[in-house]
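Given these sequences and hints, build the entire structure.
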Amino acid sequence: MTDVPSVRGAEVGRRIGVGLMYGLWKPRVLGAWRVPTAGPVIFAVNHSHNIDGPMVMGVAPRPTHFLIKKEAFVGPLDPFLNGIGQLKVDRTTTDRTAISRALGVLEQGGVLGIFPEGTRGGGDFASLRAGLAYFAVRGGAPIVPVAVLGSSERRGRLLKGLPPLRSRVDVVFGDPFEAGDGSGRRTRKALDEATERIQKQLTAHLENARRLTGR
Numbered sequence: 001m002t003d004v005p006s007v008r009g010a011e012v013g014r015r016i017g018v019g020l021m022y023g024l025w026k027p028r029v030l031g032a033w034r035v036p037t038a039g040p041v042i043f044a045v046n047h048s049h050n051i052d053g054p055m056v057m058g059v060a061p062r063p064t065h066f067l068i069k070k071e072a073f074v075g076p077l078d079p080f081l082n083g084i085g086q087l088k089v090d091r092t093t094t095d096r097t098a099i100s101r102a103l104g105v106l107e108q109g110g111v112l113g114i115f116p117e118g119t120r121g122g123g124d125f126a127s128l129r130a131g132l133a134y135f136a137v138r139g140g141a142p143i144v145p146v147a148v149l150g151s152s153e154r155r156g157r158l159l160k161g162l163p164p165l166r167s168r169v170d171v172v173f174g175d176p177f178e179a180g181d182g183s184g185r186r187t188r189k190a191l192d193e194a195t196e197r198i199q200k201q202l203t204a205h206l207e208n209a210r211r212l213t214g215r
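Take 1 as the starting number for the sequence shown in UniProt numbering and just add one per residue.
Keep in mind the hints are simulated off the structure, nothing from the lab. Every value quoted in this text rests on a predicted model; they were computed, and no experiment measured them. Misleading hints may appear alongside valid ones.
[Stated by the list, open to error] Here are the simulated lysine-lysine pairs, DSS-like style, with alpha carbons at most 27 Å apart:
no. : residue 1 : residue 2
1   : Lys200    : Lys69
2   : Lys69     : Lys88
3   : Lys88     : Lys70
4   : Lys189    : Lys200
Written as structure tokens, this is what we have:
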């Protein structure tokens, strides 16, 4: 059995995130009440900036285990990210260890965070990878769409790679939805259909979040 990252570690990560995110920026969190209070959940987060993951970790109502590219686990960040319950994934191959650890998080009723676009980009859910559908169908977990807005609008003067300090970043949680068709099928066709359903839901959530926040 592959070791499952600890919930206690993720809770420590959440508390660190709370201090950092609210200390450096002004997060405005909308819809956090929509997140199921117990049971497995997948956060599907748009990705336009490096702070998107830590921001969601800090403002989410539950501790979150994010799938993070292995390139981020360098130097002192490696033991730190492992210690706060984050999951290292090799995106160049089918990383069976990461897959089984992520499924372990869901089996234990935890929250798995995924950037379904795979890499940092426009943050508009334009290109989804099939991994999100696989985890949702196989893990039997509802997906909660999460839109992070304002993290990549402007660059800070002090820290060029980060949003301006004390600027507002909006995080909007959407309604949970099931990706599968209820049959439990995990065929290529079923996962392709699930990915299409997910794309529609995530895109609609992002449009709604932009309307809601005026961004």
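The hints, checked one at a time:
1. Lys200 <-> Lys69: holds (25 Å)
2. Lys69 <-> Lys88: Answer holds: Lys69 to Lys88 is near 6 Å, not above 27 Å.
3. Lys88 <-> Lys70: The given pair, whose Cα atoms are some 5 Å apart, holds under the 27 Å limit.
4. Lys189 <-> Lys200: Holds: Lys189 and Lys200 sit about 17 Å apart, inside 27 Å.
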